[in-house]
Amino acid sequence: GAVVSQHPSWVICKSGTSVKIECRSLDFQATTMFWYRQFPKQSLMLMATSNEGSKATYEQGVEKDKFLINHASLTLSTLTVTSAHPEDSSFYICSARGQGVETQYFGPGTRLLVL
Amino acid sequence: EDQVTQSPEALRLQEGESSSLNCSYTVSGLRGLFWYRQDPGKGPEFLFTLYSAGEEKEKERLKATLTKKESFLHITAPKPEDSATYLCAVQTPYGQNFVFGPGTRLSVLP
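Note that the protein sequences, when read in sequence, are chains A and B.
Per my numbering, numbering of the first sequence is gapless, rising by one per residue and ending at 115.
Per my numbering, numbering of the second sequence is gapless, rising by one per residue and ending at 225.
Hints should not be assumed to be uniformly reliable.
[As the list claims (entries may be wrong)] Restraint-style ranges between C-beta atoms, simulated for each label pair:
id, chain 1, residue 1, chain 2, residue 2, range
1, B, Arg146, A, Lys14, 41 to 47 Å
2, B, Lys157, A, Gly53, 28 to 34 Å
3, A, Ala72, B, Pro195, 38 to 44 Å
4, A, Leu113, B, Gly169, 45 to 51 Å
5, B, Glu171, A, Glu59, 30 to 36 Å
6, B, Asp117, A, Ser89, 35 to 41 Å
7, B, Ser139, A, Pro40, 21 to 27 Å
8, A, Trp10, B, Glu196, 46 to 52 Å
9, B, Thr191, A, Val3, 42 to 48 Å
10, A, Ser54, B, Thr191, 33 to 39 Å
11, B, Asn137, A, Lys41, 17 to 23 Å
12, B, Glu171, A, Leu115, 45 to 51 Å
13, B, Asp117, A, His7, 30 to 36 Å
If you are wondering where the hints come from, they were derived from the structure by calculation, not from laboratory data.
For glycine and all other residues, C-beta sits at the position ideal for the given N, C-alpha and C.
Chain B extracted, bound-state conformation (with noise of 0.2 Å):
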């Protein structure tokens, strides 16, 4: 059965620290993996799109990596606006749907 895991369920980070969220994944293929954030109430913000080992995107203050088995958000210097949940997504080659990881809460406090 095709699974995706997030750690840590939540983190709490002081503006500036630097940290990473992991997301680990099994399945029978990988099609691509996907980084979302979502804000209270809202729909989830697509971030990055991975496709093989060793790839890698950045966007601001974000970085995603990937290899055979997780991917990493890389969050350098947070600043409170990056406050949110951040999700990761996988897709299997035969199907069409994402397999979503359960999401870690970001908190960046002042």
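The following block holds chain A by itself, in its conformation from the complex (with noise of 0.2 Å):
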């Protein structure tokens, strides 16, 4: 159980241009879902929380007008980087929280790079 998918794996696009990223909790609800970005050998950075029907915490210094996320339902949240440059190209990874639980399931994260 607590499976969590994300799609694409593998994202390739232009400078400028937009990049969505599904995150989907396949066996469970959940009730709040976190976005993290991580660069090379370094740890997973929060960049915003989001809890269903509401609008999404970000972290300080992340661009909420850059980086859209909408967790629409229990079980889906997206990430939209608008406006996508190179020092955009990173490891998108979700997580998911299900009611009443501490654990956060992890996705198997999205590789984005902006040419």
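Hints given; two lone chains; assemble the complex.
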């Protein structure tokens, strides 16, 4: 149980385009979802927290107009990187947590390369 | 400020050579401490949750323990497939977010 999927696993795009990443909880209802960014050989950096049906809470220094997060249902959250630039290239990972559960279960990650 | 540190940064073991990884934390209150394993290019895989000092959890060759200031992940007779980065994270009572440590990169040589 507690499986989280992400799609796509890999995306290459041109500078200036927007990219959408989906995060789904497959076998449980995720009341809270988290989006992280990870650079090579570094730990996870929390970008934002979203509760189903509410606006996301962004961490300090994360541009909310650039990284749009939508948590429209209990099984789906999306991260849209708008007007992507090469410096946005990174490994993006989502996690999900169910009601009354403290553990976060992570997706497999999405590697974004902006040319 | 809540902080989580992990040591060593990297560890190289021979197959069968047991060792321990450390996770030290300074937080205003502990709601839970979590251990994850992360393979290169993949998302973290959940291993254990510990809630109170003295608690221990085991899974195959891994055992996690918790004190008031730190947690240890003991690896007994490791195998090459145990090679990964091990991350610990803490959750404080007043927030729903995790504070992650930087991780320990473990390499087990055959």
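Each hint tested on the structure:
1. B:Arg146 - A:Lys14: 41 to 47 Å: 43 Å Cβ-Cβ, so the 41 to 47 Å window holds.
2. B:Lys157 - A:Gly53: 28 to 34 Å: holds, 30 Å
3. A:Ala72 - B:Pro195: 38 to 44 Å: Holds: the Cβ-Cβ distance is about 43 Å, inside 38 to 44 Å.
4. A:Leu113 - B:Gly169: 45 to 51 Å: holds, 46 Å
5. B:Glu171 - A:Glu59: 30 to 36 Å: holds, 33 Å
6. B:Asp117 - A:Ser89: 35 to 41 Å: violated, 29 Å
7. B:Ser139 - A:Pro40: 21 to 27 Å: Once the Cβ atoms are compared, 24 Å apart, the range 21 to 27 Å for Pro40 of chain A and Ser139 of chain B holds.
8. A:Trp10 - B:Glu196: 46 to 52 Å: violated, 25 Å
9. B:Thr191 - A:Val3: 42 to 48 Å: With a Cβ separation near 28 Å, Thr191 of chain B and Val3 of chain A fall outside 42 to 48 Å, so the hint is violated.
10. A:Ser54 - B:Thr191: 33 to 39 Å: Violated - the Cβ-Cβ distance for Ser54 of chain A and Thr191 of chain B, about 44 Å, lies outside 33 to 39 Å.
11. B:Asn137 - A:Lys41: 17 to 23 Å: Once the Cβ atoms are compared, 19 Å apart, the range 17 to 23 Å for Lys41 of chain A and Asn137 of chain B holds.
12. B:Glu171 - A:Leu115: 45 to 51 Å: Check passed, 49 Å falls within 45 to 51 Å.
13. B:Asp117 - A:His7: 30 to 36 Å: Check passed, 33 Å falls within 30 to 36 Å.
Hint compliance for this structure: hints 6, 8, 9 and 10 are broken, all remaining hints hold.
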